[in-house]
Amino acid sequence: MSRKSPITNLLFLLLIFLFAFSAAAKSRSHGPRRPCRHLVFYFHDIIYNGENAENATAAIVGAPAWGNTTILAGQNHFGDMVVFDDPITMDNNLHSPAVGRAQGFYIYDRKEIFTAWLGFSFVFNSTEHRGSLNFAGADPLMNKTRDVSVIGGTGDFFMARGIATLSTDSFEGEVYFRLRADIKLYECW
Amino acid sequence: MSRKSPITNLLFLLLIFLFAFSAAAKSRSHGPRRPCRHLVFYFHDIIYNGENAENATAAIVGAPAWGNTTILAGQNHFGDMVVFDDPITMDNNLHSPAVGRAQGFYIYDRKEIFTAWLGFSFVFNSTEHRGSLNFAGADPLMNKTRDVSVIGGTGDFFMARGIATLSTDSFEGEVYFRLRADIKLYECW
Amino acid sequence: MSRKSPITNLLFLLLIFLFAFSAAAKSRSHGPRRPCRHLVFYFHDIIYNGENAENATAAIVGAPAWGNTTILAGQNHFGDMVVFDDPITMDNNLHSPAVGRAQGFYIYDRKEIFTAWLGFSFVFNSTEHRGSLNFAGADPLMNKTRDVSVIGGTGDFFMARGIATLSTDSFEGEVYFRLRADIKLYECW
Numbered sequence: 001m002s003r004k005s006p007i008t009n010l011l012f013l014l015l016i017f018l019f020a021f022s023a024a025a026k027s028r029s030h031g032p033r034r035p036c037r038h039l040v041f042y043f044h045d046i047i048y049n050g051e052n053a054e055n056a057t058a059a060i061v062g063a064p065a066w067g068n069t070t071i072l073a074g075q076n077h078f079g080d081m082v083v084f085d086d087p088i089t090m091d092n093n094l095h096s097p098a099v100g101r102a103q104g105f106y107i108y109d110r111k112e113i114f115t116a117w118l119g120f121s122f123v124f125n126s127t128e129h130r131g132s133l134n135f136a137g138a139d140p141l142m143n144k145t146r147d148v149s150v151i152g153g154t155g156d157f158f159m160a161r162g163i164a165t166l167s168t169d170s171f172e173g174e175v176y177f178r179l180r181a182d183i184k185l186y187e188c189w
Numbered sequence: 190m191s192r193k194s195p196i197t198n199l200l201f202l203l204l205i206f207l208f209a210f211s212a213a214a215k216s217r218s219h220g221p222r223r224p225c226r227h228l229v230f231y232f233h234d235i236i237y238n239g240e241n242a243e244n245a246t247a248a249i250v251g252a253p254a255w256g257n258t259t260i261l262a263g264q265n266h267f268g269d270m271v272v273f274d275d276p277i278t279m280d281n282n283l284h285s286p287a288v289g290r291a292q293g294f295y296i297y298d299r300k301e302i303f304t305a306w307l308g309f310s311f312v313f314n315s316t317e318h319r320g321s322l323n324f325a326g327a328d329p330l331m332n333k334t335r336d337v338s339v340i341g342g343t344g345d346f347f348m349a350r351g352i353a354t355l356s357t358d359s360f361e362g363e364v365y366f367r368l369r370a371d372i373k374l375y376e377c378w
Numbered sequence: 379m380s381r382k383s384p385i386t387n388l389l390f391l392l393l394i395f396l397f398a399f400s401a402a403a404k405s406r407s408h409g410p411r412r413p414c415r416h417l418v419f420y421f422h423d424i425i426y427n428g429e430n431a432e433n434a435t436a437a438i439v440g441a442p443a444w445g446n447t448t449i450l451a452g453q454n455h456f457g458d459m460v461v462f463d464d465p466i467t468m469d470n471n472l473h474s475p476a477v478g479r480a481q482g483f484y485i486y487d488r489k490e491i492f493t494a495w496l497g498f499s500f501v502f503n504s505t506e507h508r509g510s511l512n513f514a515g516a517d518p519l520m521n522k523t524r525d526v527s528v529i530g531g532t533g534d535f536f537m538a539r540g541i542a543t544l545s546t547d548s549f550e551g552e553v554y555f556r557l558r559a560d561i562k563l564y565e566c567w
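Chains as they are written, first to last, in my numbering: chain D, 1 to 189; chain C, 190 to 378; chain B, 379 to 567.
Bound conformation, chain D alone (with noise of 0.2 Å):
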């Protein structure tokens, strides 16, 4: 009797442990937030506005009834529609080396503030970092930080997921904004 107990209790604690773990396996809860990877860039901007054709990285492509392709609308922009293929460095200076490109496009969506939807990836072809990471969200630029998703991500990046804060590093005018990134990734492969 005396023999049986110990192994006996170390079962029953077994089946405890192995079963919270079940428990957690099936529900997807997550103990505390620590990113597995952990990533700061810089984006670069400019706008088409009609003059400036040979150093614009984005142009407006879609807009409301009341706007055109050329000059951003009013009412915060609404509807505008722009596409961007940004060059991405690591330090906030537009001339460093580029170690990627920010591509894809947003839409300012809201008639009363400045807000937009964000899709876009950083794709890498550098000798640090090869593969793409996708973005999706809202970006609500007038605050100072705002969070979007990371979706997906490919090569380097395989099935990443997580958070990128993103901030206006610098503006000028409605031409140029510098943007920066604050990529935590929870999801690592």
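These aren't lab readings, by the way, just hints derived from the structure by calculation.
Note that the structure is a prediction, hence the values are computed from the model and not measured.
Certain hints may be false.
As the list claims (entries may be wrong) - Below, computed lysine to aspartate or glutamate pairings styled on DMTMM-like, alpha-carbon distance capped at 20 Å:
id, chain 1, residue 1, chain 2, residue 2
1, D, Lys111, D, Asp156
2, B, Lys489, D, Glu51
3, B, Lys522, B, Asp469
4, B, Lys562, B, Glu550
5, B, Lys489, D, Glu54
6, D, Lys111, D, Glu54
7, D, Lys144, C, Asp280
8, D, Lys111, C, Asp345
9, C, Lys300, B, Asp534
10, D, Lys111, C, Glu240
11, B, Lys562, B, Asp534
12, D, Lys111, C, Asp280
13, B, Lys489, D, Asp182
14, D, Lys144, D, Asp45
15, C, Lys300, C, Asp345
16, C, Lys373, B, Asp534
17, B, Lys562, B, Glu432
18, B, Lys522, D, Glu172
19, C, Lys333, C, Asp280
20, B, Lys562, B, Glu506
Unchecked claim - Looking from chain B toward chain D, a few residues come up when the C-beta cut is under 8 Å (computed):
id, residue
21, Gly440
22, Ala441
23, Gly452
24, Phe456
25, Met468
26, Asp487
27, Arg488
28, Thr493
29, Trp495
30, Ala516
31, Asp525
32, Ser527
33, Ile541
34, Phe549
35, Lys562
36, Leu563
Think of the CB as a built atom: it goes at the ideal place given N, C-alpha and C, for glycine as much as any other residue.
Dock chains C and B against the given chain D, drawing on the hints supplied.
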């Protein structure tokens, strides 16, 4: 011999359990589909039609060669792209207090029947919810219900994934649409 | 003493194992990349060019200031946004029975070379597959193969995630494109 045997058995059992868990972790197959969070909202889309500038929450910003940005095009609006910033309410009353904004776009994408592709976010900034849910997917809008993906979330909805079942709760002509979103999250952090 | 020792050892071993699992669960690092599902499809894109209204499955709906919605713009079509509703077939024959529709949009997003950003769904409603797969990502379409993310799924593809490798199987001028989609899902429910 008889003393060692139970421990050996237990060890053997343990290894089988651990192996099973290890296999499960690698293939990411999942157990029963129990949502870890369930939310229901309504949102209200009023499309600009040239006469309702004050009330409109949405506007056509892209159209095919045979269309324009004031009136929805023929052929089931194929090619019309609409940007929206719709109030979200807890019940089906347009005049209830908004708990957030549904912001993004849809594109009518079929000539033979009404279907659309949706990319949008629910942006919450109330006492109850803070943060955003991001959605993408096909919306065959003549179906009673249709499922789109919750592709990510931020704030209170950090890293969320799930399914949103949309249904057209009411509509008036081609101007007002009230959608019910039944959101089931299956990944919660 | 000698009787207790093996149990103590076993308990110690058990704790190490459980600790290892616990750590793995929190960081969401994953083992070998074995797909839980593998699918191959073809889809067929016929872009409206002003003369093929009957056959066209896609149309330009957004264009930059220097372009229009009838003919793809210069500078590698930068800024052209195309909406599509393409038949999906099991083999590379446009006239094979369609098993679903590829619905969504792409935007040409670079001046120097052909690249695009894709947001679309595969919508299935056949005896074999019911439900949808949602995709997003960068498509550097001059590359032999390029990877986009499977960001979610519904129905038979409930909560799916993975990678779709696209390749241009054939094309005719700037009107017909046949794409091969090699879909590997790494998260299946």
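field: Violations among the numbered hints, reported as their numbers in ascending order
entry: Violated hints (numbers, rising): 1, 4, 6, 7, 8, 9, 12, 13, 15, 17, 18, 23, 25, 34, 35, 36; every other hint is consistent with the structure.
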